[in-house]
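Line by line, the protein sequences give chains A and B.
1 is the number of the first residue of the first sequence in my numbering; add one for each residue after it.
1 is the number of the first residue of the second sequence in my numbering; add one for each residue after it.
A portion of the hints provided could be inaccurate.
Calculated Cβ distances over 10 Å to all of chain B for the following chain A residues [what the hints assert, rightly or not]:
1. 25
2. 38
3. 73
4. 92
5. 100
6. 118
7. 138
8. 145
9. 148
Simulated restraints, written as ranges between beta carbons of each label pair [claimed, not checked]:
10. B:191 x A:41: 48 to 56 Å
11. B:15 x A:41: 42 to 50 Å
12. A:23 x B:254: 34 to 42 Å
13. A:133 x B:61: 54 to 62 Å
14. B:211 x A:88: 23 to 31 Å
15. B:143 x A:140: 54 to 62 Å
16. A:96 x B:49: 53 to 61 Å
17. A:88 x B:81: 47 to 55 Å
18. A:133 x B:79: 52 to 60 Å
19. A:75 x B:158: 25 to 33 Å
FYI, nobody ran anything at the bench for these hints, they're computed from the structure.
Bear in mind that the values here come from a model prediction, so they are computed numbers and not experimental data.
The beta carbon of each residue, even a glycine, is placed where N, CA and C say it ideally should be.
Single-letter residue listing:
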Amino acid sequence: MGERTTAVPRSALAAHAFARGLPEDQVDRLAEVARYVQVPAGHRLFEEGRSADRFWLIQAGRVTLDLHIPGRGPVIVETLGRGTVLGWSWLFPPYAWRFGALAAEPVRAIALDARAVRVMCAEDPALGYELTRRFAAVMLDRLQNTRMRLLDLYGAPWGRDG
Amino acid sequence: MTAMTPVPYRVTERREETRDTATLVLRPCGAPIPPVRPGQFTMMYAFGVGEAPISVSRTGTVMEQTVRDVGAVSRALAGSAPGRMIGLRGPYGAGWGVEDAVGRDLVFAGGGIGLAPLRPALLYALRRRASYGAITVLIGARTPADLVYRAELDEWRERGARVEVTVDHADDGWRGHVGLITSLVNLVCADPPNATAFVCGPEIMMRFTAEALEAKGLTDVRISLERNMRCGVGWCGHCQLGLRLVCRDGPVVPYRDVASELRVKER
Chain A
1 MGERTTAVPR SALAAHAFAR GLPEDQVDRL AEVARYVQVP AGHRLFEEGR
51 SADRFWLIQA GRVTLDLHIP GRGPVIVETL GRGTVLGWSW LFPPYAWRFG
101 ALAAEPVRAI ALDARAVRVM CAEDPALGYE LTRRFAAVML DRLQNTRMRL
151 LDLYGAPWGR DG
Chain B
1 MTAMTPVPYR VTERREETRD TATLVLRPCG APIPPVRPGQ FTMMYAFGVG
51 EAPISVSRTG TVMEQTVRDV GAVSRALAGS APGRMIGLRG PYGAGWGVED
101 AVGRDLVFAG GGIGLAPLRP ALLYALRRRA SYGAITVLIG ARTPADLVYR
151 AELDEWRERG ARVEVTVDHA DDGWRGHVGL ITSLVNLVCA DPPNATAFVC
201 GPEIMMRFTA EALEAKGLTD VRISLERNMR CGVGWCGHCQ LGLRLVCRDG
251 PVVPYRDVAS ELRVKER
């Protein structure tokens with residue numbers, strides 16, 4: 001079973017953490033290319049290497065980002081949940097997914113047509129700047145979290161035996 | 001008998017939690033140490049090896065302490081087989097104060113073996129489930145193999161806690177959450193002004209988790225500090241942090257009271 005989509009209520013888009021505070025005219029423009037999707041658990045949203053033509057604002061449920069490792073199969077690199085954004089490869093050439101994404105539980109999200117959003121950003125620099133700024137904040141947060149994971153905090157001794 | 005005299009306890013059971021961590025079930029050989037409040041610790045003595053401060057992971061006359069092998073003393077303690085005698089002094093330090101948080105939503109955030117001192121506070125609240133609001137437990141570990149108390153998580157859920165687990169690095173079979181423990185903070189079910197959070201783990205993890213919880217609106221965030229403790233009773237000064245002696249004035253403290261001190265670089 002695949003995704004079920006319906007039109008997005010403008011208010012639902014404006015209420016998502018990623019879009020909160022966007023000017024009304026920008027929300028209206030984005031809502032034109034947004035679809036409200038419900039994805040069953042186990043459904044693969046995208047595969048590594050495929051065209052990055054959408055991104056999702058997750059409202060409920062969890063999505064795992066994974067990478068297929070020969071001999072091991074898909075290994076999860078990160079989990080994204082409510083209030084987060086899935087997908088930024090659509091922003092930069094070659095517009096292809098670097099990882100795969102699987103719905104770990106039933107997911108409710110707002111999916112946006114990435115090609116249409118790229119065109120909007122090119123036509124409207126104010127919208128382009130605002131989205132770029134918001135995606136940069138998401139990337140900064142993920143980069144910092146990844147660096148923290150690289151520190152291997154739990155691996156180093158920190159017990160009271162010193 | 002003085003404050004420095006260890007009380008003999010016998011290991012009656014040893015449960016291996018991970019490759020380097022074990023939970024010891026301890027029964028007093030005679031009179032027990034005074035009752036332990038959730039969040040307190042004891043000085044555990046491996047006879048002939050030395051002493052280390054270890055959090056109590058289950059309170060009661062028959063109590064539990066979970067020990068990670070990070071040095072000579074903790075290696076001797078963690079490897080203690082049933083029947084072996086060890087010494088205990090204490091209990092020491094301020095507890096979590098879960099007893100005073102009646103009516104509030106509770107958030108427990110434990111990283112690695114930091115879940116050990118949180119466990120008695122969680123069990124205390126679960127035994128009095130109707131006295132508290134929503135209970136959320138956030139658990140972070142390096143890998144799935146490093147998760148402690150894994151066998152108990154479903155029981156905690158059945159008793160009314162929302163339990164969320166994340167690992168920094170998944171293995172092939174892991175289908176749970178992957179990411180920093182801070183990424184679970186969004187899942188906390190709590191009314192921020194009416195919530196109390198208890199956070200324990202590596203210091204950096206506590207800082208980032210406490211900041212994420214505060215950003216969510218929680219104002220009552222308590223952490224359990226980790227310092228080099230020797231005497232446990234405020235005599236030796238080894239565990240000084242600013243104006244505090246962690247063994248006496250902590251280990252549990254409001255995050256806001258120590259946030260700036262945790263950013264001071266040690267020489």
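Right, here's what the structure says about each hint:
1. 25: Holds: least Cβ distance 29 Å, greater than 10 Å.
2. 38: 20 Å, holds
3. 73: Residue 73 of chain A not clear of chain B: closest Cβ-Cβ about 7 Å, inside 10 Å.
4. 92: Per Cβ check, residue 92 of chain A is outside 10 Å of chain B; nearest 23 Å; holds.
5. 100: Given a closest Cβ separation of 13 Å, the condition holds.
6. 118: 28 Å, holds
7. 138: 12 Å, holds
8. 145: Incorrect as stated: the minimum Cβ-Cβ distance to chain B is 5 Å, not above 10 Å.
9. 148: 6 Å, violated
10. B:191 x A:41: 48 to 56 Å: Given range 48 to 56 Å: violated, Cβ gap about 29 Å.
11. B:15 x A:41: 42 to 50 Å: 33 Å, violated
12. A:23 x B:254: 34 to 42 Å: 40 Å, holds
13. A:133 x B:61: 54 to 62 Å: The hinted range 54 to 62 Å holds for residue 133 of chain A and residue 61 of chain B, with Cβ atoms some 59 Å apart.
14. B:211 x A:88: 23 to 31 Å: Given range 23 to 31 Å: holds, Cβ gap about 24 Å.
15. B:143 x A:140: 54 to 62 Å: Check failed, 26 Å falls outside 54 to 62 Å.
16. A:96 x B:49: 53 to 61 Å: Since the Cβ atoms of residue 96 of chain A and residue 49 of chain B sit about 57 Å apart, the hinted range of 53 to 61 Å holds.
17. A:88 x B:81: 47 to 55 Å: 53 Å, holds
18. A:133 x B:79: 52 to 60 Å: 54 Å, holds
19. A:75 x B:158: 25 to 33 Å: The hint (25 to 33 Å, Cβ to Cβ) holds, given that residue 75 of chain A and residue 158 of chain B are roughly 31 Å apart.
In this structure, the earlier hints numbered 3, 8, 9, 10, 11 and 15 are contradicted, and the remaining ones agree with it.
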